[in-house]
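*Asks:* Top line first, the protein sequences correspond to chains A and B. Residue numbers for the first sequence follow our numbering, so the first one is 1 and each next one is one higher. Residue numbers for the second sequence follow our numbering, so the first one is 1 and each next one is one higher.
Among the hints, a few may not be true.
Said to hold, decoys possible - Just some of the chain A residues that point at chain B, by a computed CB distance under 7 angstroms:
1. Arg61
2. Val158
3. Ile176
4. Thr179
5. Tyr273
To be clear, the hints were calculated from the coordinates, so they are not data collected in a lab. For each residue, glycine too, the CB sits at the ideal point set by N, CA and C.
Chain by chain, the residues run as shown.
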Amino acid sequence: MTAELETAEGREKLRKVAIDPVSRVEGHGRVTLLIDDDDQVREARLHIVEFRGFEVFIQGRPYWEVPVMVQRLCGICPVSHHLAASKALDRVVGAVPPSHTATQLRRLMHYGQILQSHALHFFHLSSPDMLFGFEAEVGKRNIVGVAEAYPDVARQGVLLRKFGQEVIRATAGKRIHGTGAVPGGMNRHLSMVDRDALRADADQMVAWSQAAVELVKRLHRADPDLYDVFGVFRSGLASLVRCDGAMDLYDGVLRFRDGDGRIIRDQVPDQDYHQVLQEDVKSWSYMKFPYLIERGPELGWYKVGPLARVQNCDFIPSPLAEAERREFIDHGKGDVVHAPLAYHWARMIEMLHAAEVIRDLLDDPACTGGELMAQGSRGHEGVGIIEAPRGTLIHHYQVGDDDLVTMCNLIVSTTHNNQAMNTAVREVAKRYLSGRKLTEGLLNHIEVAIRAFDPCLSCATHALGQMPLVVELTGADGEVIDRVVRD
Amino acid sequence: MTAIPGLVVFAIGNDARGDDALGPQLGARIEQASPAGVEVLVEYQLQIEHALDLRGAAAVLFIDAAVGLEQPFDLHRIEPDTGAPLLSHALSPEVLLAVFQRVEGRAPPPAFVFALQGESFALGEPLSAVAEHALEAAWAWLASRLSTAGLLSAVGDAGAQHQQCERAGHDAPEGRAHAEQ
Numbered sequence: 001m002t003a004e005l006e007t008a009e010g011r012e013k014l015r016k017v018a019i020d021p022v023s024r025v026e027g028h029g030r031v032t033l034l035i036d037d038d039d040q041v042r043e044a045r046l047h048i049v050e051f052r053g054f055e056v057f058i059q060g061r062p063y064w065e066v067p068v069m070v071q072r073l074c075g076i077c078p079v080s081h082h083l084a085a086s087k088a089l090d091r092v093v094g095a096v097p098p099s100h101t102a103t104q105l106r107r108l109m110h111y112g113q114i115l116q117s118h119a120l121h122f123f124h125l126s127s128p129d130m131l132f133g134f135e136a137e138v139g140k141r142n143i144v145g146v147a148e149a150y151p152d153v154a155r156q157g158v159l160l161r162k163f164g165q166e167v168i169r170a171t172a173g174k175r176i177h178g179t180g181a182v183p184g185g186m187n188r189h190l191s192m193v194d195r196d197a198l199r200a201d202a203d204q205m206v207a208w209s210q211a212a213v214e215l216v217k218r219l220h221r222a223d224p225d226l227y228d229v230f231g232v233f234r235s236g237l238a239s240l241v242r243c244d245g246a247m248d249l250y251d252g253v254l255r256f257r258d259g260d261g262r263i264i265r266d267q268v269p270d271q272d273y274h275q276v277l278q279e280d281v282k283s284w285s286y287m288k289f290p291y292l293i294e295r296g297p298e299l300g301w302y303k304v305g306p307l308a309r310v311q312n313c314d315f316i317p318s319p320l321a322e323a324e325r326r327e328f329i330d331h332g333k334g335d336v337v338h339a340p341l342a343y344h345w346a347r348m349i350e351m352l353h354a355a356e357v358i359r360d361l362l363d364d365p366a367c368t369g370g371e372l373m374a375q376g377s378r379g380h381e382g383v384g385i386i387e388a389p390r391g392t393l394i395h396h397y398q399v400g401d402d403d404l405v406t407m408c409n410l411i412v413s414t415t416h417n418n419q420a421m422n423t424a425v426r427e428v429a430k431r432y433l434s435g436r437k438l439t440e441g442l443l444n445h446i447e448v449a450i451r452a453f454d455p456c457l458s459c460a461t462h463a464l465g466q467m468p469l470v471v472e473l474t475g476a477d478g479e480v481i482d483r484v485v486r487d
Numbered sequence: 001m002t003a004i005p006g007l008v009v010f011a012i013g014n015d016a017r018g019d020d021a022l023g024p025q026l027g028a029r030i031e032q033a034s035p036a037g038v039e040v041l042v043e044y045q046l047q048i049e050h051a052l053d054l055r056g057a058a059a060v061l062f063i064d065a066a067v068g069l070e071q072p073f074d075l076h077r078i079e080p081d082t083g084a085p086l087l088s089h090a091l092s093p094e095v096l097l098a099v100f101q102r103v104e105g106r107a108p109p110p111a112f113v114f115a116l117q118g119e120s121f122a123l124g125e126p127l128s129a130v131a132e133h134a135l136e137a138a139w140a141w142l143a144s145r146l147s148t149a150g151l152l153s154a155v156g157d158a159g160a161q162h163q164q165c166e167r168a169g170h171d172a173p174e175g176r177a178h179a180e181q
């Protein structure tokens, strides 16, 4: 399946359609389709501008700067990078494990990040497609359209985002460029004022998250032929799980399943990730393609993120989300749910879990008092793995005796999902685009498939005047036949 | 959010990305000057929840780097855009106003975009010479106009000022303010 539609024969004779950049995903993405004279799609590729440059940017910096610097990677999930870097560098300062208070505060920050990111994705980026259909007029497929038709949904989405951001501010110190986590622990407690303010809203957030799960379930029930079939393909699953198999988005061991749901690797310590994972390179993409070494690049690729996590764990350790997980698993009727649109359902289950975890952590006295820092023997290397909103995020550093970073390797969730997203694009292109006249609505099908993975393509700039969507139809001679720009 | 209605300034950009730092750098200058009634929010990108930061504001100013600008800076009034599709995870200022309008059920406060000329957005680079010049010119012009009345006056006067420049056969020597609405 991986090679089909990856590279066409006689490419120079085919027409090329570029979707550049993909809209409503972070950063810059580009889809190219090669189409023959009969309008059959012969090749489909998702190209991503990755931030390999950031790893070089980090090298040579003092290690204690890194948890703050890496937040500049991403405007959407800076906290995930902040915490993954801090976890990795705990090893360098010998804080293994960090104090209970530091762990609980970081956990609170992280679940705030999960909540706000998932709320953004569902209510802002994906719900327009899901509520109005993929071929609805462009002007309706946005959050304003959602707000007009579903005012409560839109308002709750905004307030859930705001709550998650407030959790981050209360634990990290600032809305962006937070400094809460440091190598070795945390540098602040949660204040009682912030604790009380957040706690007052926490039950409401749980209730709204439950309503969001219900909304997604309703959409699935209303059109199972679409939701269970659109862009579907079989692949492995990967994520962290807690040692006892529970879902844990902050810490744990790596677990891998094959496409049929069988566990093929479990209990892999985070420090050993490089012994089980390798990254493949393809000549046409800047972004690498990770795979499980023992299965090879053809079979060893996998999905990460909510759809993988909800099915990779044995249970979710919060009651409401666990009940929803069971219903989700039942939906698969004994098989793994692979449909890309089920990412949204799984994402909302995770949002509910995050809301429950936040509520419970706010009642934990460890967040408002206790030892913040731990220390031990100085080390020179550390790996920090965290389940970021979009999937497994790996930070790996080596640090010299002079405290400067000598090596930095980052594998972000979008890289883990690279092969999966490309496969989804090809499946959709094959099913919906081949043999049909291309329209904006049909091209949006491709984008819907990509958006299900919620890719964070790179921390691009967002200066005014950037980020139009350009669709170009190019003839075999390279001449642009048609061009559409969305701005 | 301040209790007193005032001017909310969003300084937008990533300070690790070359000229994208124009917004945060100008925001830092405003914060340092601490003009009365002005609240500065430095953000990477605009998101839906930022609509809630407009509650109680008398006016809002969005400061951001811009590509394709032919002068060092540009100030203009903006209105909610209820029809534009959203691109990426980030909102345009006009769409943020539309989100406010829908969520709050009322018109947003008067809003302005102050765009600064940028040309290079590479990782880890400092401001380009063009951006450095834009920053200095923008601050020199904006510092005395940082209030709701100052901004309204600036866009109100701009049409006449711009017409005068054109009659004289030359453009404004530095940045430009114009009233779009």
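*Asks:* If a hint holds in the structure, say so; if it doesn't, say that too.
*Replies:* Evaluated hints:
no.: 1; hint: Arg61; result: 11 angstroms, violated
no.: 2; hint: Val158; result: 5 angstroms, holds
no.: 3; hint: Ile176; result: 6 angstroms, holds
no.: 4; hint: Thr179; result: 14 angstroms, violated
no.: 5; hint: Tyr273; result: 25 angstroms, violated
When held up to the earlier numbered hints, the structure conflicts with 1, 4 and 5 and fits the remainder.
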